[in-house]
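Enquirer: Listed here are the chains, written in short residue letters.
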Amino acid sequence: VTVLIHHCILYKKAEVEETLKRIQGQKGVQGIIIVNAEGIPIKTTLDNSSTVQYAGLIHQLVMKARSTVRDIDPQNDLTFLRVRSKKNEIMIAPDKDYFLIVIQNPSD
Amino acid sequence: MTRLCLLAFQRGCQTRPVHTAEAEIQPLLNADNGTQTDPQDHLIYQLPPKGELRPESPGLRDFLHRVEDMVVKELASNAKSHAFDGFDVNWEDQNETVSCIHCLQHPSAQEKGLQVTSISWSCTGSVIACAFGRVDDGDWSTEKSCVCTWNLDRRGLNPKRPDMVIDVARPVMSLSFHPSQPSLIAGGLYSGEVVVWDTNRTQDLILAQTGMSTDTHREPVYQVAWVPGPRRGEMVVLSAGSGGRVLLWTVDSDEGRLVLSAGFALIRQQVPHNSALSKNRGSSNVGVTSLALSPWDLDTFLVGSESGLVLKCSFSAQTLAAAPPDGESVTLRAPAQFSFSPRGGPVHSLHCSPFHRNLFVSVGTDGLAHLHSLLQPDPLLSLRVSDSYVFGVRWSPTRPLLFAAATGQGLVQIFDLGRKSLRPAATLDQLTGGQPVYCLEFNPRRKDLLAVGNADGSVNIWHLSTELTEQGPRETAKLEQLANEVAE
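Chains as they are written, first to last, in this note's numbering: chain A, 2 to 109; chain B, 2 to 489.
Heads up, some of the hints might be wrong.
[Unchecked claim] In silico DSSO-like cross-links for lysine-lysine, where the CA-CA straight-line distance does not exceed 30 Å:
#	chain 1	residue 1	chain 2	residue 2
1	A	K97	B	K145
2	B	K74	A	K65
3	A	K13	A	K28
4	B	K421	A	K28
5	A	K65	A	K97
6	B	K74	A	K28
7	B	K145	A	K22
8	A	K88	B	K145
9	B	K145	A	K87
10	B	K81	A	K87
11	B	K479	A	K88
12	A	K88	A	K22
13	B	K74	A	K13
14	A	K28	A	K97
15	A	K28	B	K81
16	B	K145	B	K81
17	B	K113	B	K145
18	A	K28	B	K479
19	B	K421	A	K88
[As the list claims (entries may be wrong)] Derived coverage of chain A by chain B (criterion: at least 3 residues anywhere in the stretch with Cβ under 8 Å from a Cβ of chain B; other residues may be distant):
#	region
20	33 to 43
21	83 to 94
Since the hints were made in silico from the structure, they are not lab data.
Think of the CB as a built atom: it goes at the ideal place given N, C-alpha and C, for glycine as much as any other residue.
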């Protein structure tokens with residue numbers, strides 16, 4: 002039974018890695034961070050200090066964006082957030098338990 | 002007559018006997034567990050979770066499954082989109098013009114015909130200090146001079162009256178504010194002395210000085226800088242002069258002395274690849290006229306010499322200098338590791354790019370600005386700055402492709418390497434009646450201010466246009482491209 006559980010975990014792990022690889026392979030993607038509901042990064046392709054910085058700041062931003070949407074219309078909810086800046090674009094796919102953060106420079 | 006009495010004390014100590022006790026533990030529950038690592042994928046770096054290795058975060062796979070398609074679609078369409086082409090946002094007031102906002106002068110220094118030899122901004126960006134001396138004197142000058150400071154943020158700024166005037170017994174050739182303590186200024190004098198002033202003091206402003214000792218430079222000190230010392234948080238003063246010595250001094254404020262902690266001597270015979278210069282007779286010392294620290298590598302520094310050499314040096318070089326000991330308290334070492342292609346005359350100024358670890362620019366008497374890579378001896382690019390000498394060059398702290406050069410004709414030429422043309426992007430006339438500009442410094446905090454020191458004893462503060470200070474898209478990439486070009 003232990004062996005079967007191991008294989009399931011490994012299979013799930015492999016799927017997660019595959020998905021991240023597919024996203025990383027898109028044109029101009031500079032980095033991917035997955036953050037959990039508490040704002041703690043659990044997966045990243047960036048260096049440690051950038052990851053921690055992005056995770057903390059973006060978690061706060063997503064919370065603010067979500068409460069803005071729901072204050073305007075309580076029946077509505079945030080589905081996606083894009084922050085475009087001079088140098089790149091940050092895309093955030095939020096969810097109950099995780100956020101997916103992708104940093105892309107479209108002109109790369 | 003005083004007698005020295007040596008008193009000796011003996012002390013011992015002994016701890017009380019240590020208490021020991023024996024105890025046992027036994028776990029109540031046992032469990033078996035196993036873990037298996039995955040082969041490391043070089044793309045994905047996983048942060049180690051706190052505590053023991055646990056299985057995959059629950060629901061992560063499903064979450065990614067849900068969002069993947071949407072995210073990939075957005076990424077793909079964003080890469081193709083032209084929606085934001087040419088779209089610019091003005092967060093700050095756009096400034097189209099370049100203007101001289103202050104012309105700072107110290108009339109009594111100007112009356113004596115003193116020139117501005119060096120300027121420095123304080124780390125806060127509010128205070129500009131300028132050193133007076135002479136650049137054109139050939140012999141020992143015993144002329145009194147001064148260091149003046151103006152606080153540009155103070156209300157009631159009087160450009161003709163400095164906030165503080167520090168009288169100095171000798172001409173001051175170089176000046177440098179401490180990088181974190183806004184009241185400390187280091188200065189190098191014509192006599193070879195190095196002084197640190199503390200502008201917070203009311204009485205004697207000298208915090209520490211080298212005095213004239215066996216350790217001091219014997220020739221004018223053309224460059225002073227603050228570099229990190231061996232202890233954390235400590236900064237030591239670096240001084241370099243035409244005697245060919247680069248010395249490091251620790252500040253002993255209790256004694257009021259600068260204590261020599263390390264030193265380097267540049268000897269012609271020890272300079273690498275130096276076949277061309279062995280024809281020169283005369284002193285074997287390589288007189289230093291300019292020095293640049295690398296913001297990327299704390300061990301590297303660049304030296305420009307009177308004879309046109311540009312050398313890459315290391316603070317951690319171990320080779321002993323082939324100089325006869327002259328009573329110095331430390332052993333001098335030979336720091337030069339690499340020689341760039343030499344110029345025909347003195348190299349007046351060097352500056353390392355704050356945006357690329359391998360790039361630096363050098364200027365001198367040949368009127369050209371040479372853009373160098375640390376990796377090869379020949380310059381990547383040489384731009385004609387002036388028909389006369391060029392005395393100073395500084396990279397812009399905000400625009401990777403921009404640098405400014407001070408000419409002997411009284412102009413500051415600003416070059417933008419992103420432009421196709423090799424002509425300057427802007428020319429700032431210092432209105433000195435053709436007298437040279439000796440030094441220039443960008444404000445470390447306010448990116449739109451440039452200070453320029455002139456031979457007529459004035460310091461001009463220029464306000465630069467947004468075009469010269471705002472980083473454009475892809476500037477860092479273009480600089481990277483330039484750095485990778487191999488010179489023909």
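Enquirer: Each of the hints needs a verdict: does it hold here or not?
Expert: Evaluated hints:
| no. | hint | result |
| --- | --- | --- |
| 1 | K97(A) - K145(B) | violated, 73 Å |
| 2 | K74(B) - K65(A) | holds, 25 Å |
| 3 | K13(A) - K28(A) | holds, 26 Å |
| 4 | K421(B) - K28(A) | holds, 29 Å |
| 5 | K65(A) - K97(A) | holds, 15 Å |
| 6 | K74(B) - K28(A) | holds, 11 Å |
| 7 | K145(B) - K22(A) | violated, 69 Å |
| 8 | K88(A) - K145(B) | violated, 52 Å |
| 9 | K145(B) - K87(A) | violated, 52 Å |
| 10 | K81(B) - K87(A) | holds, 17 Å |
| 11 | K479(B) - K88(A) | holds, 14 Å |
| 12 | K88(A) - K22(A) | holds, 23 Å |
| 13 | K74(B) - K13(A) | holds, 23 Å |
| 14 | K28(A) - K97(A) | holds, 28 Å |
| 15 | K28(A) - K81(B) | holds, 9 Å |
| 16 | K145(B) - K81(B) | violated, 67 Å |
| 17 | K113(B) - K145(B) | holds, 10 Å |
| 18 | K28(A) - K479(B) | holds, 20 Å |
| 19 | K421(B) - K88(A) | holds, 23 Å |
| 20 | 33 to 43 | holds (count 4) |
| 21 | 83 to 94 | holds (count 7) |
In terms of the numbered hints stated before, the structure departs from hints 1, 7, 8, 9 and 16, listed from lowest to highest.
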